[in-house]
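Peer 1: Each chain, written out:
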Amino acid sequence: MENFSEVMSLFLSVDNFIAIAVGVLIGVVVGAIPGLTATMAVALALPFTFSLEPVTAILLLVGIYKGGMYGGSITAILIRTPGSPASACTLLDGYPMAQQGKAKKALKTALYSSVVADVISNVALIFFAAYLAKIALNFGPPEYFWLICFSLTIIVSVSGSSVVKGLIAAFLGIIVSTIGLDAVYGTQRLTFDNYNLMDRVSFIPLLIGLFAIPEVIDFYTSKVAPHIRTAVTGASLTWQEFKASLKTIIRGSVIGVIIGAIPGTGATSAAFISYSEAKRTSPRKDNFGKGEVEGVAAAEAGNNGVAGATLIPLLSLGIPGDVITAIILGAFMIHGLTPGPVLFQENLTLVYALFCGILVSSVVLLVVGNAAIKYFSLIADIPKTILLPIVLMFCIYGAYAVNNSTFDIGLMLAFGILGFVFNRTGIAAAPFLIGFILGPMFEDNLRRTILISKGDPSVFFRGPITWVFVLLTVASLAFAVRRYWVTRN
Amino acid sequence: MISTSTKLFKSAVVAAVASVTLAMTGVAHGEEWPSDNIRLVVPYSAGGTTDLLSRKVADLLQKELTTVVVENRPGAGSTVATAQLARGGRGSDHMLVMASPGHTIGASIYPNLRYDPVEDFVFIRNVIDIPNVMVVPASSPYNSVEEFVAAAREGQLSFSSPGIGSSIHMSGELFKNLTQTNLIHVPFRGSGEALPALLAGDVDVAFENMPTVYPHIQSGKLKALAVTTAERSEFLPEVPALQEVGAEFGLGDYVTSAWFGLIAHKSFPEEAQAKLGAALEKIVESKNFKSFLPQFGAVAGKEVGDEFRAFVADELEKWAEVAEQANLKR
Numbered sequence: 001m002e003n004f005s006e007v008m009s010l011f012l013s014v015d016n017f018i019a020i021a022v023g024v025l026i027g028v029v030v031g032a033i034p035g036l037t038a039t040m041a042v043a044l045a046l047p048f049t050f051s052l053e054p055v056t057a058i059l060l061l062v063g064i065y066k067g068g069m070y071g072g073s074i075t076a077i078l079i080r081t082p083g084s085p086a087s088a089c090t091l092l093d094g095y096p097m098a099q100q101g102k103a104k105k106a107l108k109t110a111l112y113s114s115v116v117a118d119v120i121s122n123v124a125l126i127f128f129a130a131y132l133a134k135i136a137l138n139f140g141p142p143e144y145f146w147l148i149c150f151s152l153t154i155i156v157s158v159s160g161s162s163v164v165k166g167l168i169a170a171f172l173g174i175i176v177s178t179i180g181l182d183a184v185y186g187t188q189r190l191t192f193d194n195y196n197l198m199d200r201v202s203f204i205p206l207l208i209g210l211f212a213i214p215e216v217i218d219f220y221t222s223k224v225a226p227h228i229r230t231a232v233t234g235a236s237l238t239w240q241e242f243k244a245s246l247k248t249i250i251r252g253s254v255i256g257v258i259i260g261a262i263p264g265t266g267a268t269s270a271a272f273i274s275y276s277e278a279k280r281t282s283p284r285k286d287n288f289g290k291g292e293v294e295g296v297a298a299a300e301a302g303n304n305g306v307a308g309a310t311l312i313p314l315l316s317l318g319i320p321g322d323v324i325t326a327i328i329l330g331a332f333m334i335h336g337l338t339p340g341p342v343l344f345q346e347n348l349t350l351v352y353a354l355f356c357g358i359l360v361s362s363v364v365l366l367v368v369g370n371a372a373i374k375y376f377s378l379i380a381d382i383p384k385t386i387l388l389p390i391v392l393m394f395c396i397y398g399a400y401a402v403n404n405s406t407f408d409i410g411l412m413l414a415f416g417i418l419g420f421v422f423n424r425t426g427i428a429a430a431p432f433l434i435g436f437i438l439g440p441m442f443e444d445n446l447r448r449t450i451l452i453s454k455g456d457p458s459v460f461f462r463g464p465i466t467w468v469f470v471l472l473t474v475a476s477l478a479f480a481v482r483r484y485w486v487t488r489n
Numbered sequence: 001m002i003s004t005s006t007k008l009f010k011s012a013v014v015a016a017v018a019s020v021t022l023a024m025t026g027v028a029h030g031e032e033w034p035s036d037n038i039r040l041v042v043p044y045s046a047g048g049t050t051d052l053l054s055r056k057v058a059d060l061l062q063k064e065l066t067t068v069v070v071e072n073r074p075g076a077g078s079t080v081a082t083a084q085l086a087r088g089g090r091g092s093d094h095m096l097v098m099a100s101p102g103h104t105i106g107a108s109i110y111p112n113l114r115y116d117p118v119e120d121f122v123f124i125r126n127v128i129d130i131p132n133v134m135v136v137p138a139s140s141p142y143n144s145v146e147e148f149v150a151a152a153r154e155g156q157l158s159f160s161s162p163g164i165g166s167s168i169h170m171s172g173e174l175f176k177n178l179t180q181t182n183l184i185h186v187p188f189r190g191s192g193e194a195l196p197a198l199l200a201g202d203v204d205v206a207f208e209n210m211p212t213v214y215p216h217i218q219s220g221k222l223k224a225l226a227v228t229t230a231e232r233s234e235f236l237p238e239v240p241a242l243q244e245v246g247a248e249f250g251l252g253d254y255v256t257s258a259w260f261g262l263i264a265h266k267s268f269p270e271e272a273q274a275k276l277g278a279a280l281e282k283i284v285e286s287k288n289f290k291s292f293l294p295q296f297g298a299v300a301g302k303e304v305g306d307e308f309r310a311f312v313a314d315e316l317e318k319w320a321e322v323a324e325q326a327n328l329k330r
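Quick note, the sequences are listed as chains X and A, same order. According to this note's numbering, the residues represented by the first sequence are 1 to 489, in order. According to this note's numbering, the residues represented by the second sequence are 1 to 330, in order.
Next comes chain X alone, as it looks inside the complex (with noise of 0.2 Å):
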């Protein structure tokens, strides 16, 4: 009890309430633009917590994160431009609703899915922490390159109407992959020499360029005026809707929680893990990817359930799982604080503190997200030959500020022609990011757990979370080509 009026007089403390609503309309606002990631903003936001308590510096920079991890899906839904990486699965079924004008009913989707998941992923965080802290330890290189075999059986299920135009696509994205120095010995691959290449392909500049240039350029070369307003006006999202949807939002918070408690997987994975999952198991498949209420509650849901199990092993562990919690591990230090197992003997207090200030930060977002819908859905109202420009403008901006490299516009640009030349062949853009992004990983933990094992292949099936991983891809690929057959016959 005496614990329970510290752990309060810590955390009832109107400087928190103020760190964590700021800190989540910062994440919102910088999530939504693109190029501006939550990275960014959690890292400039970290010498403004110097002088501030620990407890108060480090709300405000998770709030940032989360709010983030949302407000990437807003721009996302809206002009097909996700605003994080994580939110490029949320735009294959929320930018088709709102061309079909339920762009409100996408955003409230994306909005209480997201809200949803990271009450699980809170929950997780401060009931199971030291469970899931195992599990991730038990990952080594072996389990990584299982889960990574599995994850990739995922281009089946986003690879829109032809899964031979997915393949293809997901090998183009390996292949600009590849692009850089060679993780072992350094070796330069497809680099021409070019020291912009040499750490491999900046990824804003290729998500941007993929996803939102085709839509600017298709404006400018269609014949017709597109009638299409993406208003939010229309239906909202329904109870009825949202209870069918979930079944798959508790998946996804699941899947995003298990992703983000093993370190360096990350949201974007997990939103398309948890999207193909929601496909797979719907009644309505034929419909995902043509503007699917799951379909976007899947996605959110995944990278959402990710925030709040990533701070999982970097509090049990003191180990970041991504660069965000790596900067909220410096926040840590610099108070004086050292996440792992030390904090939770002499900062229990603190912890708990924590705890309740990321549990509030859920409601935050709620109505945070709520007011954001309202004032991000006047971008909706703006005709877009006055839109588009600016939307160029802010792709070019943000490939830029990635990097402060002018490299990278051209980059973002040359990938816009690729993702133009993708929606005139009927190819998926979908695939080619998953290759992208998990091509390396799949190799690195390829070839690591070789070097591990020095050659060793029995390695490879060293214990049960391999063989788990080792069934689910076989059962994901059987399951993929059952459908094939079943569909083609």
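You can trust all of the hints, since none of them are fake.
Think about it this way: if two alpha-carbon atoms lie no more than 25 Å apart in a straight line, the pair counts; the simulated DSS-like pairs of lysine-lysine are:
(1) K454(X) / K176(A)
(2) K134(X) / K223(A)
(3) K63(A) / K275(A)
(4) K454(X) / K223(A)
(5) K290(A) / K275(A)
(6) K318(A) / K302(A)
These are computed hints drawn from the structure, not numbers from a lab.
Position chain A relative to chain X; hints supplied.
Peer 2: What follows is chain A alone, placed relative to chain X:
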């Protein structure tokens, strides 16, 4: 129906108006330095150790001088940002780069460097020094450097790093060269990925930065065999320096650390060097800075001016040789 040309015209007008609105206005130049904001360029992405430390230094520096704007310009092992600094030109009298081991390692690895890593710069001051620690998993049978080297000479052991060309990777390569062992390098992407593999015993050893492994040494999940600095670290006083225990294996001169110091273009005005140097001296001595350092297992950097230049030149020589031997030179 709107014609394409009307669409284009309207769009062009909007784009023009918007660009003008976004355009940055220049700041008037005065006489005395700093007459403008200082740009501190971090040659790595936002969120890394270099970024974090740079932002702290920037925060303290702007209390002494003027507004300091931190900019991230990652690429090719820090050489992209450094090349930009070396080019000089307008604004280079207010531009600084936070140099780190990447400055010398990058120069040893990347091809066609368009600058001289020593001659093209003014070296202001080494600000922060972080030792690396040679750590093995708690489950490891090796309890000393001696045991480890003996085992590594017999069989094949592996070391992890957060990536090729990092100071952690190069520390391992240097160890491998000097002890004439056959360690296998297992690269990860960032310490966040490398650490679990080490904790789980998938790799045998790592030469990690102190702040990354310190909590795990404290909690008993990792064993520290030695620190890589010339002297013991005040944070792990019971852990020997590699030089102390490794002389018989060729480690008598072994010293590596992650250092972070400010460099500027070679035309950087002398007045500015003096002012900046004085401001940094004040910062390094400040209570705020001194209480900040222990969080990173760090100590204040000592080398100033030409001393710093000589230190970098030594580092360059060392890493060039290691890169050559490890076949890393591209």
